[in-house]
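Enquirer: Line by line, the protein sequences are chains A and B. For the first sequence, the working numbering begins at 1 and goes up steadily by one. For the second sequence, the working numbering begins at 1 and goes up steadily by one.
Hints in this document: simulated from the structure, not taken from any laboratory. If you're wondering where the values come from, they're calculated on a predicted model, not measured in any experiment. From the three backbone atoms N, C-alpha and C, an ideal C-beta is built for every residue, glycine too. Treat the hints with caution; some may be incorrect.
As the list claims (entries may be wrong) - List time: in silico DSS-like cross-link candidates among lysine-lysine, alpha-carbon distance up to 25 Å:
hint : chain 1 : residue 1 : chain 2 : residue 2
1    : A       : K117      : B       : K40
2    : B       : K95       : A       : K11
3    : B       : K175      : A       : K22
4    : B       : K237      : B       : K175
5    : A       : K58       : A       : K204
6    : B       : K237      : A       : K96
7    : A       : K103      : A       : K117
8    : A       : K204      : A       : K40
9    : B       : K83       : B       : K14
10   : A       : K185      : A       : K195
11   : B       : K100      : A       : K14
12   : B       : K103      : B       : K185
13   : B       : K253      : B       : K175
14   : A       : K237      : A       : K280
15   : A       : K22       : B       : K282
16   : B       : K14       : A       : K96
17   : B       : K117      : A       : K95
18   : B       : K117      : A       : K2
19   : A       : K100      : B       : K14
20   : B       : K2        : A       : K100
21   : A       : K248      : A       : K185
22   : A       : K58       : B       : K2
23   : A       : K2        : A       : K150
24   : B       : K195      : A       : K100
25   : B       : K83       : A       : K22
As the list claims (entries may be wrong) - Which residues of chain A face chain B? A few of them, derived with a C-beta cut under 10 Å, are:
hint : residue
26   : L4
27   : K22
28   : A35
29   : K53
30   : V88
31   : I120
32   : E236
Each chain, letter by letter, is given below.
There are 2 protein chains.
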Amino acid sequence: MKTLSDLGERKAIKLIENILTKGDNILDIGDDCAALDFEKQYLLVTTDMISQKTHIPKEMTPFQIGWFIVSINLSDIAAKGGKPLGVVLSYGLQKKTSAKYLKELTRGANTCATTFKTNIIGGDTKETSEITICGTAFGIVNKDEFIPRKGAKTDDLIAVTGSLGKAGAGYYCLKNNILNKNISKALLEPFPKLKEGQLLAQQKCATSCMDLSDGLSSSLYQLSEINDVGFEINYEKIPISSSLLKLKKKNTKLNVSDFVLHFGGDYELLLTIPPNFFPKIKNILEKNDCNLYSIGKVTKDKHVKINLGNNVEILENKGYEHFKKQLF
Amino acid sequence: MKTLSDLGERKAIKLIENILTKGDNILDIGDDCAALDFEKQYLLVTTDMISQKTHIPKEMTPFQIGWFIVSINLSDIAAKGGKPLGVVLSYGLQKKTSAKYLKELTRGANTCATTFKTNIIGGDTKETSEITICGTAFGIVNKDEFIPRKGAKTDDLIAVTGSLGKAGAGYYCLKNNILNKNISKALLEPFPKLKEGQLLAQQKCATSCMDLSDGLSSSLYQLSEINDVGFEINYEKIPISSSLLKLKKKNTKLNVSDFVLHFGGDYELLLTIPPNFFPKIKNILEKNDCNLYSIGKVTKDKHVKINLGNNVEILENKGYEHFKKQLF
């Protein structure tokens, strides 16, 4: 009998999608958010669950857990160009969980929500044997500004909204007992790129977008499959986290490219954009204290490749997949 | 240091509410659903989590678990008079969970959603050490038709939409190895009272409403606190589940009133309504194959009392509360 460990997360999701009855009012299943017809707008809905054993490193404070669950849900709203309307949280907690833990968890969630101009508007509290937190965020986007996962065209540029490897640097510090709160913060208190997503949406020129929660290689493979195209990224063009580069100087065994190419948790946006729009959009983002870096292009050839300067190779799909491997 | 076991669920919820920043676009925190301003309507959002150890009896099939999580969320939409727009699900599953389990779980969730004319529109699948499922339902209601928890007035009648003790009868069968699929179905595959909620909403005369997921006594105490009123219910007027009465005949030790008054899981609606509207509303519900039973009245005296025919007593608050006690 097949288990989820045999299937892996993405095949499990396909199995689910094949069973579900698709509503007439639904744009698509399998994007970062579900998008529901709402007159001239889409109501965006996304949900994400984390649990102690598989997603919460022991160094994470309850404040950070609260921040994290809100942040990763808002990141999905950001990837569709949406404005958040609110977040609901379900807490699965233990009898022995302290009231202080509950306070800090809630304070973290509330701080993240208000930082990004939204609110926690409700929730549920249940008893579980393992701490498990589920967040659901919803938002709104004008229909003509929604940025889908599907839409990338050959010769579009592929771009990211910030440096990669920040979360990897944080993970490296935690695993090697390097005390550096600023570096681990990038992993444990990520920032959803809502401003970037909304600016991109307003310009109506991004052809596809998703967040980088699963890491670059895995995300490129997902976009490749959905869009029936390939990618060629240029390693030298990828903005690399300065924290990761600093760590590399003192820790020569650290594999920078592995963290940059395959490690999840950066929560930058990955998007495609026709080349003629790129300079204008980059300019608009930069004027608003945001960034946009072209890291390669969409190819007709359906492989995902990486240009390493001296040669072009197939980029391996080594991203994190639930059930098959574990991040922490 | 205080734990959640010391606090209990309702004090834990108050602690959370005191920390949260309330958004300007939010009607209230602490109702069955959050209600968000949406022009002439409210967007209703509710979330509920269940986990293997504390909420899922071993006799429950994966189909039933899927049905259950969707149903209990839709019940909260029903209690506000809403029309469901969609449901998202987060599955926390184990590596060893079988693909068949996942299929049946999803089939149950999808069947419940489509039975009540809505859809599962998205979700998340994560690895957890204990099976934990979180559902979030959202719906819509015209602002002038929204039925809040707060609004009950002295002399209003208190009513329920169906018989009580169905879930209790199911629980009794499971615990005593009495094989009766029809009886246990009422516990494991409850029906959200969406039609009843919408009919009540259209008539704009229910002054307060909540679902009976926590059981009658606990729900009355909750309404009493929010509304600063009391209740006097008449035991003889409560419609009692025929399954429970049949079980009683063969099992003389079965305490019928305990199941009727204190056991959760019936998912009927509990509402208050001015007495002059009652006959008309009852008639409208009955014409639509629904029911409405007056079981008592709202009192100025703030106690929750029960009229047992020969005497009137204080009704104990023995409902289920998470962290403090366990249902299964």
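Enquirer: Against each hint, give a clear statement of whether it holds in the structure.
Expert: Hints, one by one, checked against the model:
For the proposed pair K117 of chain A and K40 of chain B, the alpha carbon gap of about 23 Å is at most 25 Å, so the pair holds. For the suggested pair K95 of chain B and K11 of chain A, the alpha carbons sit about 13 Å apart, so the restraint of at most 25 Å is met. For the hint pairing K175 of chain B with K22 of chain A, the CA-to-CA distance comes to about 38 Å; that exceeds 25 Å, so the pair is violated. The suggested pairing of K237 of chain B with K175 of chain B is violated, with an alpha-carbon distance near 28 Å, which exceeds 25 Å.
Simply put, K58 of chain A and K204 of chain A have alpha-carbon atoms about 42 Å apart, too far for the 25 Å limit, and the pair is violated. Annotation: proposed proximity of K237 of chain B to K96 of chain A is violated, straight-line Cα distance about 41 Å (limit 25 Å). At roughly 21 Å between alpha-carbon atoms, K103 of chain A and K117 of chain A fall within 25 Å of each other, so this suggested pair holds. For a cut-off of 25 Å, the pair hint linking K204 of chain A to K40 of chain A stands: about 15 Å separates their Cα positions.
For the suggested pair K83 of chain B and K14 of chain B, the alpha carbons sit about 28 Å apart, so the restraint of at most 25 Å is broken. With a C-alpha separation of about 20 Å, the suggested pairing of K185 of chain A with K195 of chain A holds against the 25 Å cut-off. Restraint check for K100 of chain B and K14 of chain A: satisfied, since their Cα atoms lie roughly 14 Å apart, inside the 25 Å limit. About 20 Å separates the Cα atoms of K103 of chain B and K185 of chain B, which keeps this hinted pair within 25 Å; it holds.
In summary, the hint linking K253 of chain B to K175 of chain B is supported, as the alpha carbons are separated by about 14 Å, within the 25 Å threshold. Restraint check for K237 of chain A and K280 of chain A: the C-alpha separation of about 19 Å stays at or below 25 Å, so the hint holds. Among the hinted pairs, K22 of chain A with K282 of chain B is inconsistent with the structure: their alpha-carbon atoms are about 36 Å apart, more than 25 Å. Annotation: proposed proximity of K14 of chain B to K96 of chain A holds, straight-line Cα distance about 18 Å (limit 25 Å).
For a cut-off of 25 Å, the pair hint linking K117 of chain B to K95 of chain A is broken: about 37 Å separates their Cα positions. The suggested pairing of K117 of chain B with K2 of chain A is violated, with an alpha-carbon distance near 32 Å, which exceeds 25 Å. Only pairs whose Cα atoms come within 25 Å are accepted, and K100 of chain A paired with K14 of chain B is accepted, the gap being roughly 14 Å. Between K2 of chain B and K100 of chain A the CA atoms are separated by roughly 8 Å; this keeps the pair inside 25 Å, and the hint holds.
For the hint linking K248 of chain A to K185 of chain A, the alpha-carbon distance of about 18 Å falls within 25 Å, and the restraint holds. In summary, the hint linking K58 of chain A to K2 of chain B is supported, as the alpha carbons are separated by about 21 Å, within the 25 Å threshold. Proposed proximity of K2 of chain A and K150 of chain A is contradicted: the alpha carbons are some 30 Å apart, above 25 Å. Restraint check: the Cα-Cα separation between K195 of chain B and K100 of chain A comes to about 42 Å, which exceeds 25 Å; the hinted pair is violated.
Only pairs whose Cα atoms come within 25 Å are accepted, and K83 of chain B paired with K22 of chain A is accepted, the gap being roughly 18 Å. Against a cut-off of 10 Å between C-beta atoms, the interface hint on L4 of chain A holds, since the closest Cβ of chain B lies about 5 Å away. Here the hint on K22 of chain A is kept, as its CB sits about 7 Å from the closest CB of chain B, short of 10 Å. The beta carbon of A35 of chain A is positioned within 10 Å of a beta carbon in chain B (closest approach about 9 Å), and the interface hint is therefore held.
Because the closest C-beta pair between K53 of chain A and chain B is about 5 Å apart, less than 10 Å, the hint holds. Residue-level restraint check for V88 of chain A holds (minimum Cβ-Cβ distance to chain B is 4 Å; threshold 10 Å). At about 5 Å, the closest approach between the beta carbon of I120 of chain A and any beta carbon in chain B falls short of 10 Å, and the interface hint on this residue holds. Residue-level restraint check for E236 of chain A is violated (minimum Cβ-Cβ distance to chain B is 35 Å; threshold 10 Å).
Going through the hint list in order, the structure does not satisfy hints 3, 4, 5, 6, 9, 15, 17, 18, 23, 24 and 32.
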